[in-house]
Amino acid sequence: MTSIEIGLWSFPVLILLIFLRVPIGAAMLACGVVGTYLVVDRWTPILSQLKSVIWATNVNYSLSIIPLFLLMGQFAARGGMSQSLFNAAAAFLGHRKGGVAMAAVGACAGFGSICGSSLATAATMAQVALPELRRHGYAGGLATATLAAGGTLGILIPPSVVLVIYAILAEQNIAKLFLAAFVPGIIAAISYFVVIAIYVRLKPESAGQAPRVPWRERIPAIIAVWPVALIFFLVVGGIYLGWFTPTQAAAVGAAGAGLVAWKNGGLDRRSLLACFKETAVSTGMIFFIVLGATVFNSFLAFSRLPQVGAEWVTAQGFSPMTVLIIILTLYIIFGCIMDSLSMIVLTIPIFFPIVTAMDFGMSPEHFAIWFGILVLMVAEIGMITPPVGLNLFIISAMSREVPIRDTYRGIVPFVSADLLRIIILTAFPIISTFLI
Amino acid sequence: ADVVLKLHHFLPPQATIPSKVLTPWAEKIKADSGGRIEVEIYPSMQLGGKPGELVDQAKDGVVDMIWTLVGYTPGRFPKSEAFELPFMVTTAEATSVAFYDYYQKHLQDEFKDFHVLSVHTHGPGLLHTIASKPIKSLDDMKGLKLRGTSKVVNQMLEAMGAAAVGMPVTTVPESLSKSVIDGTVVPWEVTPSIKIAELAPNHTQFSGKTGLYTAAFIFAMNKDSYEALPDDLKKVIDNNSGKELARKFGMVMDQGDVNGKAIADKAGNTTITLDAAETEKWKALGEKVTKNWIAEMDGKGLNGSGLYKDAVDLIQQNTK
Amino acid sequence: MTTQTSSGFDRLEFIISRLSVALVAFSGLCLVAACLLTGLSIIGSVTLRPIPGEIELVEVLCGLAVFGFLPFCQLKRGHVGVDLVMSAFGPKAMNMTQLIGDIIIALLFSLLAWRHGVGLLDKFENGETTQLLLLPIWWGYAIAMALLAVNVIVCLFVVAADIRDIRRKKTIVAAMGAH
Ligand code: NA
Ligand code: NA
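Chains as they are written, first to last, in the numbering used here: chain A, 1 to 436; chain B, 437 to 756; chain C, 757 to 935.
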């Protein structure tokens, strides 16, 4: 077998392993180890690489941001910030048709601005908002779907762990990517409002209404979210204004969220340990995926497949837009069965060189940022597309009385809104790049 | 081709050394061997790892050849650090040739894990600072946050009153634009690739023949990969390595310095040349760093003063 | 967890779980230390000077935290796989594939630990240090080695626990990490 053929064969093998439920990091690592051996026909190179790869992956200043962001999200969840966000959003929106669900989305957006993770946002907000939604007579499927979709705002609105990984893989500036993600993230939140508004008008029986909250109660409710505003300003503002490097900002944010949680009495020794445990599971999983991807990608480079593949695509003379649309469609299909992070670490090293070699009529940096935002959006749909959508799973796990079928049905309008948004962002790159 | 050799390095392919030395070198090897050797170049750490891991990749045979900065693995090649001491470097060409001589005399043991193709240095490194922090005298160094490039350079910056900050070169432009750091040291050759003319428009250089510092580079091959070649192909590699290759690296670096300086001048940047009296103050502080280094080498049983003296003499001999 | 009827395996489970949680606490404190260090360095940066070697210290603290998180992550079956195909074959197939996945993870981490150990010897011999503080790299490698060794033990234990659960016809539950 030529090395190109070995490179090509690695994909069916990888997919087979993934279907056999081998964790994705392990599957990529195993394929990378065996693949490198087959390509170079000696064990030395891969054995030598393994001497330093786990140290180099874990001890890496750019990646240090990830456990810090995850810890920040945990502190924010314990610090009562999710509750105050929901209260504030509900004070303004609750009395409208579908208003409690809109408030849940608004609170998700707010929480997303200080949490880098989609699942953590979904799970945290669900704890607060699910009981409220049910209390106000919202149908089970609408309630769970709203929170699953709202959870994706955790990653669409900066800070965002997936964007950090993209920035590292594509060697782009994290601060600029965060800034670029801001407007598309807000559009996502607004589109979810619209989905809910239409949904409750078509099916009025699926939602109840909360009483109108007078202004003298709205003001304190909005003031109560100051810690969120402060942390968001410190983290995202601090990165953008150049006060901090992204990793410093994550450390400052984690410290700030920790202080707020401690001050609000939500951080005794026991809950501190609980925060660490949650962070441990997520961090361990992410770093193992990154480790597996590192070895797998270096195997692909040894096989020369990405290079030959890029040359082949270029030689076909497809228009850049065609290639882009094919890639985005592939992501949406993969996203039905894979999680967003694995998908990105697996594919960016292959797709990014192909598309950067093409002319989309903009500077390389603008293109890289636009492409990053598009990839983020399509990858994030994967969190809420059946059959495998981690947000759907976690919300279902938290609301056992709602059958997963109802959640699957309820998510359809949200996924449609996502698809529409991706079409708009693809057609108008300026939405993603004008702040840069 | 009978033999395919993988050459791995950390720079993008369009940078000076890859485009002006490594690629032509690979082509020459191919031509001289009648197409029997193919050198495949993998830029930008494509085959994985951080730049600091390149030396191990060559040692262990992950790849066949590497080109890298010796300073990426501090502590590992202590005798090479002599060339990074303050106020040693003259031109890149002369210093590179001198470094090759020094390698032959002193570094055979330090580089025993590799088949060394060549070694070299870059031209005189200097200080580049943001618009609000020009360095016109030693006093201006106090409290500046400056990025250093190696262990010895960091020690030198600290000795001169600045706070040395360690960060990868790729993050320098962003850090400068946000004043996370006040400046960096690099030779002119590197300045265009990290937008120094735009972001750090003050440049401080020194009077006299020697520049502030330089960095040592190694271009090396895995020993087994070399030994596995038939004699006639070994000869092709041998004919294209050694002192003349060191000179070529140096010449290209000098030319790169000229280009980098021209870009800064065209952008209307200020280049401050400290006068002889002021330069002497800096040299006095530099000597402290040198003394410490000599003591450190002596502590390792490596005859620090002998090494230092040889390095100085070789550079002077090779400088016209 | 230990009861009057506790078997040797239950006692082992207790020890393993206490050990993993202890490492989680260690790692969490590493992260807190990284936050404090960063905060002090930022304060220093606007007043006097940043803390020397802030970046290399923060990355080592965060990196060691990751090493310390790995055993707990595996104990909770945190390295999740894609359930799409196998869930259709029912809980028995899910349990068997969980076991296969955990065996592969145990093999891979054993391989990584072995190679990391060789890397540790390399770093010990070649005297490599960090850039600014000149701390020997092998110190960090050695701590990581200890954490990786615990991880391998936990991985092997998880394989044994899978086999026990399959024998008892219990469904193995995987944790869900957030990202
Ligand atoms: Na977010
Ligand atoms: Na999905």
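Worth flagging that the hints you see were computed from the coordinates, not collected in a lab. Any given hint could turn out to be false.
Unchecked claim - Okay, the calculated bits of chain C under chain A, using three or more residues with CB under 8 Å as the criterion:
1. 772 to 784
2. 842 to 853
3. 861 to 873
Claimed, not checked - Which residues of chain C face chain B? A partial, calculated answer using Cβ under 10 Å:
4. 766
5. 801
6. 804
7. 805
8. 809
9. 839
10. 882
11. 883
12. 884
13. 886
14. 887
15. 888
16. 890
17. 892
18. 930
19. 931
For glycine and all other residues, C-beta sits at the position ideal for the given N, C-alpha and C.
Hints and how they fare:
Residues of the stretch 772 to 784 of chain C lying with their CB closer than 8 Å to a CB of chain A number 5, which satisfies the three-residue condition for coverage. Closer than 8 Å: that is the beta-carbon criterion, and the stretch 842 to 853 of chain C has 3 residues meeting it against chain A, so the requirement of 3 holds. Given as covered by chain A, the stretch 861 to 873 of chain C passes the check, having 6 residues with a CB less than 8 Å from a CB of that chain where 3 are the minimum. Contact between residue 766 of chain C and chain B, as hinted, is not supported at the beta carbon level, the nearest pair being about 43 Å apart and thus beyond 10 Å.
Nearest Cβ of chain B to the Cβ of residue 801 of chain C: about 7 Å, under the 10 Å cut. The hint holds. Taken as an interface hint, residue 804 of chain C checks out: its beta carbon lies about 7 Å from the nearest beta carbon of chain B, inside 10 Å. Satisfaction of the interface hint for residue 805 of chain C is found here, the shortest Cβ-Cβ separation to chain B being roughly 4 Å, below the 10 Å cut-off. At its closest, the beta carbon of residue 809 of chain C sits 7 Å from a beta carbon of chain B; the interface hint therefore holds under the 10 Å criterion.
Hint status for residue 839 of chain C relative to chain B: violated, with the closest Cβ pair at about 31 Å, above 10 Å. The closest approach between the C-beta of residue 882 of chain C and any C-beta of chain B is roughly 5 Å, which is under the 10 Å cut-off, so the hint is satisfied. The beta carbon of residue 883 of chain C comes within 5 Å of a beta carbon in chain B, closer than 10 Å, and the hint placing it at the interface holds. The closest approach between the C-beta of residue 884 of chain C and any C-beta of chain B is roughly 5 Å, which is under the 10 Å cut-off, so the hint is satisfied.
Proximity of residue 886 of chain C to chain B holds as hinted, the smallest CB-CB distance being about 7 Å (cut-off 10 Å). Because the closest C-beta pair between residue 887 of chain C and chain B is about 4 Å apart, less than 10 Å, the hint holds. A least Cβ separation of about 5 Å between residue 888 of chain C and chain B falls short of the 10 Å threshold, and the interface hint therefore holds. Taken as an interface hint, residue 890 of chain C checks out: its beta carbon lies about 7 Å from the nearest beta carbon of chain B, inside 10 Å.
Hint status for residue 892 of chain C: holds, given a least beta-carbon distance of 8 Å to chain B, under 10 Å. This hint is violated: residue 930 of chain C has a C-beta 30 Å from the nearest C-beta of chain B, more than the 10 Å allowed. A distance limit of 10 Å between C-beta atoms decides the matter here; for residue 931 of chain C the minimum to chain B is near 30 Å, and the interface restraint is violated.
Checked against the numbered hints given earlier, the structure breaks hints 4, 9, 18, 19 and satisfies all the rest.
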